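Visitor: Read top to bottom, the protein sequences are chains A and B. Mapping of the first sequence onto this note's numbering: residues 175 to 357, in sequence order. Mapping of the second sequence onto this note's numbering: residues 175 to 357, in sequence order.
Any given hint could be a false lead.
[Said to hold, decoys possible] Derived SDA-like pairs (lysine to any residue); straight-line CA-CA distance at most 25 Å: (1) K180(B) x G194(A); (2) K180(A) x A206(B); (3) K180(B) x C280(B); (4) K180(A) x Q232(B); (5) K221(A) x C280(B); (6) K180(B) x K218(A); (7) K218(A) x E258(B); (8) K180(A) x D259(B); (9) K180(A) x A244(B); (10) K218(B) x C280(A); (11) K180(A) x K221(B); (12) K180(B) x A206(A); (13) K180(A) x G224(A); (14) K180(B) x L181(A); (15) K180(B) x E204(A); (16) K180(A) x R281(A); (17) K221(B) x G224(A); (18) K180(A) x S270(B); (19) K180(B) x S270(B); (20) K218(A) x A206(B); (21) K218(A) x G194(A); (22) K180(A) x T291(B); (23) K218(B) x Q232(B); (24) K218(B) x K221(A); (25) K180(A) x K218(B); (26) K180(A) x E258(B); (27) K180(B) x G234(A); (28) K218(B) x A206(B); (29) K218(B) x E266(A); (30) K180(A) x H236(B); (31) K180(A) x D255(B); (32) K221(A) x E266(B); (33) K180(B) x Q260(A); (34) K180(B) x E258(A); (35) K221(A) x E258(B); (36) K180(B) x N290(A); (37) K180(B) x G224(A); (38) K218(B) x M175(A); (39) K180(A) x L287(B).
Derived by calculation from the structure, the hints in this document are not laboratory data. Computed from a predicted structure; not experimentally measured.
Chain by chain, the residues:
There are 2 protein chains.
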Amino acid sequence: MLRISKLTDYGTLILAHMAGLPGRLHSAAELAEALGLGLPTVSKVLKTLGRHALVSSQRGAHGGYVLTRAAEQITVADIIDALEDQPFGLTECSASAGVCSMESDCRIRDNWLRINTVVRQALQSVTVADMVHPDAPSPLARGLVSNEPASHRMHGPARLGSRAAATSLAACIPTPRADDQEI
Amino acid sequence: MLRISKLTDYGTLILAHMAGLPGRLHSAAELAEALGLGLPTVSKVLKTLGRHALVSSQRGAHGGYVLTRAAEQITVADIIDALEDQPFGLTECSASAGVCSMESDCRIRDNWLRINTVVRQALQSVTVADMVHPDAPSPLARGLVSNEPASHRMHGPARLGSRAAATSLAACIPTPRADDQEI
DNA sequence: CTATACAGTACCAATTTAGTACTTTTAATG
DNA sequence: CATTAAAAGTACTAAATTGGTACTGTATAG
């Protein structure tokens with residue numbers, strides 16, 4: 175139904191909460207309490223996030239979890255990759271391969287692959303840090319086209335400068351059409 | 175799991191196939207045969223598409239379905255809206271309202287709303303016609319930034335010229351980050 | 001008036017997802 | 001070194017969603 179799973183949603187909540195008090199250890203119990211979620215559930219999410227190296231854990235008494243990277247460097251796409259078990263892709267045939275039945279030479283598939291790319295890029299453009307800071311407008315809102323990206327965006331590795339011309343999603347409004355309805 | 179349902183996928187196949195032979199009536203049986211799908215399933219999809227006015231039906235002997243609009247004016251977003259029963263939105267709280275439990279003042283939600291918008295725009299930018307024509311590169315691929323949009327794109331209503339500066343999704347590569355992994 | 005084809009409803013089966021329980025391992029601390 | 005706090009791992013149950021089918025009704029062409 176084109177939804178992320180609840181666990182993934184919890185993941186964003188948990189990481190955002192942890193990002194609010196950086197450097198500190200957060201026990202699963204503390205997070206469950208703060209977010210109003212069940213302890214086993216929070217625990218499960220954190221374990222998975224740990225397995226994907228988004229948080230690291232300290233076992234034993236006074237243990238807990240910490241973010242392994244700065245909140246600015248954890249994207250929504252990362253969280254989805256960690257918590258959704260199937261590989262990313264809006265359709266089965268575009269996520270995996272060779273499942274498409276027949277006919278139409280599957281030009282369709284090519285289009286899904288492209289759509290996937292765009293969707294994924296949208297998800298990669300939002301970080302946990304964006305979720306936390308109330309003041310800073312989200313990257314989707316602020317005009318990133320101005321060649322001065324938000325400062326906290328600077329210390330990520332691999333910022334392909336080559337595509338600097340179009341870093342804004344807000345500015346990226348593809349031609350809307352006919353029955354433009356509310357979201 | 176961030177997937178569209180199979181029925182929605184079938185919907186794109188069916189509509190694309192119909193778009194290949196425009197003006198003609200297509201019976202559910204014919205489509206099922208051509209696409210290698212079960213007749214009841216195809217029938218179900220077509221009924222739903224009919225209810226959402228993407229196809230119209232002719233009952234009785236030699237009846238069948240036709241597209242109600244030009245293939246250029248049916249977007250992937252339209253198909254999703256018709257066939258997925260829940261309202262569009264990547265998270266429950268961003269699709270509906272007032273389900274968010276507590277805490278964090280839900281700045282999170284705002285961000286999801288924005289992400290939704292971008293994703294939806296991507297889905298709105300691809301039409302059934304794009305799925306069919308093998309030669310014409312998809313709008314996601316071709317550089318729409320060039321101020322001459324593909325001709326078939328012209329007869330849609332409401333083409334907000336004001337945003338003409340950035341009509342390309344391909345050009346819209348938001349700053350990629352750290353662990354850029356394959357899709 | 002019969003055959004064909006859509007319309008609607010309801011149902012069943014299978015998959016996915018969410019949440020829970022229980023056991024094991026690790027580390028801090030008195 | 002025993003106790004306690006906390007994560008790790010595994011497995012299971014229950015609920016929700018999805019996909020597919022069956023059956024009954026209605027319209028139309030010939």
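Visitor: Next step is simple, just say for each hint if it's right about the structure.
Guide: Comparing the hints with the structure gives:
1. K180(B) x G194(A): Cα-Cα ~39 Å, so violated.
2. K180(A) x A206(B): violated (35 Å)
3. K180(B) x C280(B): violated (32 Å)
4. K180(A) x Q232(B): violated (42 Å)
5. K221(A) x C280(B): Judged against 25 Å, a Cα distance of about 24 Å means the pair holds.
6. K180(B) x K218(A): violated (29 Å)
7. K218(A) x E258(B): violated (29 Å)
8. K180(A) x D259(B): holds (18 Å)
9. K180(A) x A244(B): violated (38 Å)
10. K218(B) x C280(A): Judged against 25 Å, a Cα distance of about 22 Å means the pair holds.
11. K180(A) x K221(B): violated (31 Å)
12. K180(B) x A206(A): violated (35 Å)
13. K180(A) x G224(A): holds (18 Å)
14. K180(B) x L181(A): holds (22 Å)
15. K180(B) x E204(A): violated (40 Å)
16. K180(A) x R281(A): violated (33 Å)
17. K221(B) x G224(A): Distance ~46 Å between K221(B) and G224(A) Cα, so the pair is violated.
18. K180(A) x S270(B): holds (14 Å)
19. K180(B) x S270(B): holds (23 Å)
20. K218(A) x A206(B): violated (43 Å)
21. K218(A) x G194(A): Given pair K218(A), G194(A) holds - Cα atoms ~21 Å apart, limit 25 Å.
22. K180(A) x T291(B): Within the cut-off at roughly 20 Å; holds.
23. K218(B) x Q232(B): Satisfied, since the Cα-Cα distance of roughly 15 Å is no more than 25 Å.
24. K218(B) x K221(A): Violated - the C-alpha atoms of K221(A) and K218(B) are around 41 Å apart, more than 25 Å.
25. K180(A) x K218(B): violated (29 Å)
26. K180(A) x E258(B): holds (18 Å)
27. K180(B) x G234(A): Since the Cα atoms of K180(B) and G234(A) sit roughly 46 Å apart, the hinted pair is violated (cutoff 25 Å).
28. K218(B) x A206(B): Holds, because 11 Å separates the two Cα atoms, which is no more than 25 Å.
29. K218(B) x E266(A): holds (20 Å)
30. K180(A) x H236(B): Violated. K180(A) to H236(B) sits at ~47 Å, over the 25 Å cutoff.
31. K180(A) x D255(B): holds (21 Å)
32. K221(A) x E266(B): holds (23 Å)
33. K180(B) x Q260(A): holds (15 Å)
34. K180(B) x E258(A): OK: K180(B) and E258(A) at ~18 Å, within 25 Å.
35. K221(A) x E258(B): This hinted pair is violated, its Cα atoms lying about 32 Å apart.
36. K180(B) x N290(A): Given pair K180(B), N290(A) holds - Cα atoms ~16 Å apart, limit 25 Å.
37. K180(B) x G224(A): Violated, because 32 Å separates the two Cα atoms, which is more than 25 Å.
38. K218(B) x M175(A): Answer holds: K218(B) to M175(A) is near 17 Å, not above 25 Å.
39. K180(A) x L287(B): With Cα atoms ~16 Å apart, K180(A) and L287(B) stay inside 25 Å; holds.
Hints 1, 2, 3, 4, 6, 7, 9, 11, 12, 15, 16, 17, 20, 24, 25, 27, 30, 35 and 37 from the list above are not met by this structure, while the remaining hints are.
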